[in-house]
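Here are the chains, one letter per residue:
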Amino acid sequence: MNKLFLIIQREYFSRVKKKSFLIMTILGPLLMAGLMIVPVWLAMRDKTEHQILVLDHSGLFIDKLPNTKQIKFTYGAESIQTAKAKLKDGPFDLIMEIKGDAINDSKTTPVLYYKKQPGINVEQYITNTMENILFDYRLQGDSIDLNKIDKARRPVEILTLKVTEEGKDEKTNTEINMAIGFGCAIAIYFMIFLYGSQVMRGVIEEKTNRIVEVIVSSVKPFQLMLGKIIGVALVGLTQFILWIVLTLIISTAVNTYLFKDQIADTMKHNSQIEKVMKDDLTAGVDKMEKINSPNEVIDLFNNFNNINITKILVCFAFYFLVGYLLYAALFAAVGSAVDSEADTQQFILPVTIPLIASFIIAQSVVTDPDSSMAQFFSIFPLTSPIVMMVRLPFDVPGWELALSMVCLIVGFLFFTWIAGKIYRTGILMYGKKTSWKELGKWLFYKG
Amino acid sequence: MKPILEVKNIHKHYANHVALKDVSLVVEPQKIFGLLGPNGAGKTSLIRIINQITGPDSGEVLFNGERLSPKHVDYIGYLPEERGLYKKMSVGEQVMYLAQLKGLKKSDAKAKLQHWFKKFEIENWWDKKIEELSKGMQQKIQFIVTVLHEPKLLILDEPFSGFDPINAQLIKSEILELRDKGATIIFSTHNMGSVEELCDNIALINKAEKLLDGSVKEIRKNYKSNTFHITFRGNLVGFINALWAGAELLDKKSDDDVHSVTVKMLRQNKPNDLLQAVLNHAEILSFQEIVPSMNDIFISVVENKTTVNTQSSFTE
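Residue numbers (our numbering), protein chains in the order written: chain A, 34 to 480; chain B, 372 to 687.
Derived from the structure by calculation, the hints contain no laboratory data.
Label-pair ranges, simulated between beta-carbon atoms: (1) B:PRO536 to A:LYS470: 40 to 50 Å; (2) B:GLN401 to A:GLN379: 43 to 53 Å; (3) A:ASP376 to B:SER532: 21 to 31 Å; (4) B:GLU431 to A:THR271: 42 to 52 Å; (5) B:GLU660 to A:LYS466: 44 to 54 Å.
Every residue gets a Cβ at the ideal spot worked out from N, C-alpha and C, and that includes glycine.
Let's have the full structure, built from the sequences with the hints guiding it.
Here you go:
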């Protein structure tokens with residue numbers, strides 16, 4: 034036991050002290066924070082105000098185009114030539130000329146002159162508003178009551194409610210469920226790949242350095258394998274935690290520094306939401322429909338409350354850990370059977386196929402989380418860590434979850450046992466290309 | 372004295388070949404025991420069984436009279452033929468790690484290492500990475516790691532490979548010193564010269580079977596073929612004529628009027644008879660019995676010859 038601890042210690046510190054670990058640990062959050070910050074930053078940068086001079090020969094749009102924060106319309110009657118001169122010296126950066134007969138054209142084609150090309154958003158905005166205005170004009174032309182149209186045009190929004198055991202209604206949201214499930218599945222998938230192959234490389238390193246025989250004369254090969262797997266798992270955990278902490282620090286720092294105004298806005302918004310939520314709680318779910326636009330956010334909050342976060346976290350930790358252990362043992366066995374990383378191809382494929390397959394299966398599971406295929410693969414130990422995580426937010430029956438967990442543990446014990454047998458023989462085989470047949474024989478060698 | 376290691380009727384087979392067939396050995400304490408045999412004979416299999424890296428199919432190994440068990444690992448030091456160290460790790464960290472794996476406490480390991488590093492004059496290597504050291508330097512570190520925990524039984528598989536003659540000599544004297552301090556050494560090698568120099572007892576394994584064992588002196592005595600090497604000054608033809616029917620001339624070399632011949636005594640004739648016969652025909656410069664070298668014995672036993680061909684070497 035003491036020796037196992039020594040091995041874990043060495044495996045852990047020799048990796049954590051490496052420069053590549055440091056670089057990955059710092060680079061990871063920078064990339065993640067970048068993914069979060071850059072879009073916001075870009076959106077902010079695009080806040081250049083557009084001053085548009087509208088030369089409306091039809092007269093239909095004068096004072097009708099609503100200004101926004103970024104687009105301000107001014108209406109003029111001068112000729113296009115004089116207007117173009119204004120474009121040169123300011124204050125306008127865009128001129129829009131609308132032809133006289135816009136209402137009867139089958140296609141209205143305003144012309145936009147620019148000095149600096151406006152974004153697609155500006156064009157989109159102009160097209161949409163003009164279309165709406167023309168739409169109303171034409172209906173009015175046919176003497177149709179606009180109020181009637183408004184009444185006829187109402188949005189439909191599905192409210193999905195799960196009927197619980199106790200007969201209560203609970204609000205669910207498919208998209209959030211999908212996002213959570215998939216997020217967990219992706220994390221597990223990458224961690225297994227990343228750290229599983231680290232275990233494999235560690236085994237190959239020991240073999241090529243020829244140190245392995247020195248070590249197995251002091252400890253059991255199985256101890257060495259286990260120590261390596263656990264050591265690397267701890268490295269992964271450390272990296273994961275550092276990533277989360279660093280990402281939070283970086284994004285908070287950047288947010289406070291760059292987006293002070295937004296945060297103030299959000300705070301105000303949040304307090305509003307809280308107030309609405311309080312009302313909502315007292316009013317009950319039935320009245321939900323009465324509150325309109327900001328309640329998408331409230332839905333989100335409600336959903337987080339409804340999805341059992343503790344359950345998901347516990348399951349995530351379980352599938353992550355045991356799934357990693359199972360695969361890491363297989364990766365270790367592959368590493369032991371070869372002499373160099375270049376030779377791993379023929380053995381690594383069968384190990385990675387179930388992993389990749391489960392990811393593909395997961396995508397169809399999302400659309401139908403209770404199909405028999407989903408059931409099977411969320412219980413089968415080689416695929417369950419990923420498939421079950423996708424299914425989990427859709428409320429999996431307790432017995433299925435329990436069965437899946439038991440199967441995974443049994444699978445872990447079984448595959449580790451097999452891997453241990455291959456490992457034990459493999460690490461002492463040098464310079465021979467191993468075949469599948471041989472690998473099979475190793476299973477039956479006496480310890 | 373109670374043997375430190377007894378190997379009893381070990382069988383070991385792998386999928387398509389037999390590695391050890393009914394091998395038994397007795398290793399006496401405080402002796403250097405040579406484990407000899409051609410490549411693929413089963414030496415490494417046997418050594419791995421003694422180190423509990425693998426187990427035998429049948430038979431048993433006794434360490435100090437007790438059945439071999441995991442607790443004995445700490446009393447054995449093993450220097451494998453395929454050996455190496457973590458390249459990226461510093462020397463200090465590495466030796467501390469390996470010492471602790473052998474059950475040494477951190478403080479003990481540190482003190483012992485300081486002693487050895489001082490002895491080999493390599494104190495300034497502590498913070499270097501293994502990959503910065505030459506092969507010979509790495510071998511030194513490896514040797515220290517093997518003997519650091521003061522094992523009762525030391526198993527060395529080709530210990531001199533990778534050493535230059537000076538360092539090989541250093542290691543040789545360390546091995547002898549360790550034996551004098553009470554360690555028993557099992558020594559596997561192809562270098563028969565070092566076997567004669569170091570080993571007290573040997574066992575020879577070929578094709579999974581033990582062919583020969585015993586003390587080096589006894590074995591060499593047993594393989595003597597009553598052959599003598601004579602150098603003399605005088606007439607070669609006269610000398611040959613003087614050899615009577617009880618001796619056979621095997622080889623002759625001449626350098627001016629100094630001749631050297633190898634003569635095998637036939638039947639139970641004594642060397643004195645031979646001397647008497649030739650004494651009047653030549654001036655005898657040297658007269659020496661040829662004792663077969665371990666090299667000759669090794670080759671003849673492995674090739675399953677009945678007599679030892681001693682012509683390949685002249686020793687003692």
